[in-house]
Amino acid sequence: MKIWQYLLKRIVSLIPVLIGVTMLTFFLSHVIPGDPITLALGPRATEEQRISFHEKMGMDKPLIVQYGIYLNKILHKDLGVSIRTKGAVLEDLLAYFPATIELTIGAMIVCIFFGIYLGIISAVRKDQPIDHAVRIFSLLGVSMPIFWLGFMLLILFYGIFPILPGGGRSSPFVASPTPITRLYLLDSILTGNWVAFKDSLYHLILPTLTLGFCYIALISRMTRSSMLEVLHQNYIQTAKTKGLSEKAVIRYHALRNSLIPVVTTAGMLFGELMSGTILTEITFSWPGIGLYAQQSIMYLDYNAIMGFVLVVAFIYAIVNLAIDMLYVIIDPRIKLH
Amino acid sequence: MKKVLSIMFVGIFLILLFGISNINAEEKTLVFGRVSDYIMDPAVAGDDESFLTIFTVYDQLVTRDNDLNIKPLLASSWEVSEDYKTYTFHLQKGVKFHDGTPFNAEAVKFSFDRMTNLGKVATGAWMTIADKNSVEVVDEYTVRFHLTNPYPTWIPADLSINPAYSIMSPTYVKKHITSDDPYAEKWMAYNECGTGPFKLVSWIKGQKIVFEKNKDYFGGDEGISGRCTPHVDKLIFQIFKDSSTGRLWLEKGDIDLVDKLSNDDFVALEKNSNIKIYEKMPQKIVYLTFDVSKPPFNDENVRKAMAYAINYQELIDYVERGHAELPHGMISKVCFGYNQERFQYSYDLEKAKEFMAKSNYPDGFTTKLLFSPDRRVTFQTGAVYIQDYLKKIGINVLPESLAFPTQLDICSKGDYGIALRDWTSFKPDPEETAGWFYNQARDNTGWVCSFWDNKEAINNMDVARTLPDLPERYKLYDETDELGISKAIYVPLYQAANLVAARDNIKNFIWPSCLFIRFDAIEKD
Chain G
1 MKIWQYLLKR IVSLIPVLIG VTMLTFFLSH VIPGDPITLA LGPRATEEQR
51 ISFHEKMGMD KPLIVQYGIY LNKILHKDLG VSIRTKGAVL EDLLAYFPAT
101 IELTIGAMIV CIFFGIYLGI ISAVRKDQPI DHAVRIFSLL GVSMPIFWLG
151 FMLLILFYGI FPILPGGGRS SPFVASPTPI TRLYLLDSIL TGNWVAFKDS
201 LYHLILPTLT LGFCYIALIS RMTRSSMLEV LHQNYIQTAK TKGLSEKAVI
251 RYHALRNSLI PVVTTAGMLF GELMSGTILT EITFSWPGIG LYAQQSIMYL
301 DYNAIMGFVL VVAFIYAIVN LAIDMLYVII DPRIKLH
Chain B
1 MKKVLSIMFV GIFLILLFGI SNINAEEKTL VFGRVSDYIM DPAVAGDDES
51 FLTIFTVYDQ LVTRDNDLNI KPLLASSWEV SEDYKTYTFH LQKGVKFHDG
101 TPFNAEAVKF SFDRMTNLGK VATGAWMTIA DKNSVEVVDE YTVRFHLTNP
151 YPTWIPADLS INPAYSIMSP TYVKKHITSD DPYAEKWMAY NECGTGPFKL
201 VSWIKGQKIV FEKNKDYFGG DEGISGRCTP HVDKLIFQIF KDSSTGRLWL
251 EKGDIDLVDK LSNDDFVALE KNSNIKIYEK MPQKIVYLTF DVSKPPFNDE
301 NVRKAMAYAI NYQELIDYVE RGHAELPHGM ISKVCFGYNQ ERFQYSYDLE
351 KAKEFMAKSN YPDGFTTKLL FSPDRRVTFQ TGAVYIQDYL KKIGINVLPE
401 SLAFPTQLDI CSKGDYGIAL RDWTSFKPDP EETAGWFYNQ ARDNTGWVCS
451 FWDNKEAINN MDVARTLPDL PERYKLYDET DELGISKAIY VPLYQAANLV
501 AARDNIKNFI WPSCLFIRFD AIEKD
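Line by line, the protein sequences give chains G and B. So in the numbering used here, spot 56 of the first sequence is number 56, and the numbers just go up one at a time. So in the numbering used here, spot 135 of the second sequence is number 135, and the numbers just go up one at a time.
None of these hints come from the bench; they were simulated from the model. Check before you lean on any hint, since a few could be wrong.
No more than 20 Å apart at the CA atoms, straight line, and that leaves these computed lysine-lysine pairs for PhoX-like [stated by the list, open to error]: (1) G:Lys77 - B:Lys284; (2) B:Lys368 - B:Lys392; (3) B:Lys3 - G:Lys247; (4) B:Lys215 - B:Lys96; (5) B:Lys333 - B:Lys284; (6) B:Lys391 - B:Lys351; (7) B:Lys333 - B:Lys358; (8) B:Lys294 - B:Lys215; (9) G:Lys73 - B:Lys186; (10) B:Lys358 - B:Lys487; (11) B:Lys392 - B:Lys358; (12) B:Lys358 - G:Lys56.
So here's chain G without its partners, still in its complex pose (with noise of 0.2 Å):
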């Protein structure tokens, strides 16, 4: 099957489970006794102002009729309004959930970076003193809990030493850059602007440390069992038989062959990442989407319990799909179908 066959495929199986997890959620939150409504307009509201809100939002309907009402609204780009902000869910969306892909992104690539590279030397350099630091090295980080070692590291690095700032995406005195994809990082590369990714780099480097070193483990222990597991292989042993360095062996045969598993585990580290960012946006007030989506919950705000599920649904199929082409492009023995 080529490749786009197989992307289209894969995009339009997207959408029962899309429909799916919408109408799970949708039938749950409702099910939750309480009434939004009371809690949006405040006590002092009168009874007629509450029925005509109730009215307004649609609230008076069967269920199977608001949801299917929602779902037309999806189709026009409309995520709805929420009873919580006022403003609408999309915008609401667009405003944090940047955020915490940026943050997330940030943390794979901290967790991936260190996490092969010490999962290699822990599986090159196997039970010798290195090995045993690393293991507790990895073992540290997904003992400890995020908002303890994030706090602990502010008070370091900002309280006692000030190097780095305290929390925010960016200074109060600097402006963000021009939005285009939402990522500081990128657009301030995107538009030049030199100032605003300075300020953001600054302010990405705890919390994304913080959030990446609670999952290193997760990596760097999948790679030294998946390492130890080729380095056992006969065609190492040629390969090293033939004269080629420790180095070049890992390089060139070992890593590629080595790195299925990670990838998966990869796969279900950016959801665990995502789960994790809420407590790392509390510690360092990074205006992510993990704060909104709590929020919403309590509040039962209905719409944006809907937005936030849908997103977070679409971007675990889409890092899913990803995860698979990946396999494809590091063994080429898998096939698409």
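Assemble chain B onto chain G, guided by the hints.
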């Protein structure tokens, strides 16, 4: 590969070494740390936090000065008819909106009509005293209100302290009207065009809101009724998410003032010689409520036992870390007509046990304690203390943490156990407190859930609302609250203060008890 990476790291290191951009040292900027950004449409916003922002950029017809006297603002004078249904305001001349268009009677009518048509303003009495025909433009600088019901206290209890009644530029709003948003609700939630001392410059959601000084503010440098041209050039609301972060920023000087930190952080900041803590007279009552129409809480002895079993001072000292006051009924200290002398329950375990013994449940009973930490963080700890107090009189309490909408839903159905609640009276009028707690047995939403169907109390609240003689009015609220407290319909626990921490180079910090921080008055050394 290694070479590429090394070059990349060195490159990034060099970029970072040459630092981030400079602060513009010529402009005086005030940075205020807040936990969230809030919408700023006065016709829709319903909470204190939004009103703080609205108060900064909008003016109203009437206001209060720093001594809480009613003073003119956008209206220079006014007359009220004898039946309290017709209010005529004479407007200031020469005032301009932030977009340069003139302030006049048309703008007043537009702003009030927009409120009526949107139908969402849920603070203040507007929706119950006016309709689409209530606002009349008499001439360019005179506007007349024809209320549908007489409301003698409209100015003292509502108009002079409620930023919902802000005046906005019709020209500006009309530019942002669309076919499915005929009142520009979506736009005005995050934009403004008022006459106030500050103008909105930019808003990055979840990060910061930037305002600049309105150089042409009509109050000028001398000010009008406490509002003046700001002493700083820029005002920034910087958003933080965690109390510890906010505290750290303040200690480092990256922000100049902050509110809504945890009590522990305020206590720690008190010890910092570079920080000053400002406390605003309590406006928030924290209390227990229960369904008095059903057992076991329909038994007055049980309720009185609970009221005596609570160690109020301990709650203040440990749960609120000293930043609260003892309760005095269900009327908060900030309200006019507040009566310090009335009977209050105090901690008396022996009396509590006596009342329990006299009640229908001498051996006690089991019940739930509902609370929502998203309403007030200290409820988590408070619930545990209350559980302990009630255990001593045989009431076995099971604390249950719920999201607030869920709690409201459960309480609206009655027979819910005990609910730990808070109530903020942002108006200094007992109608906001006693009037709220006693004017009905219950509402459909769960906000009022005492289920105390006392005809005398309900009637009193109805009468008091429109009583023109203010001392008589305050007395009626006071007497009704006295009745309610004597029967322990509610158990008020304490009155919680609002706090702001500021760096010591912040001068002239004014925070009137029924209004909001006057950012225009603040000076920064």
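What hints, given by number in increasing order, does this structure fail? Those not satisfied are hints 1, 7, 8, 12.
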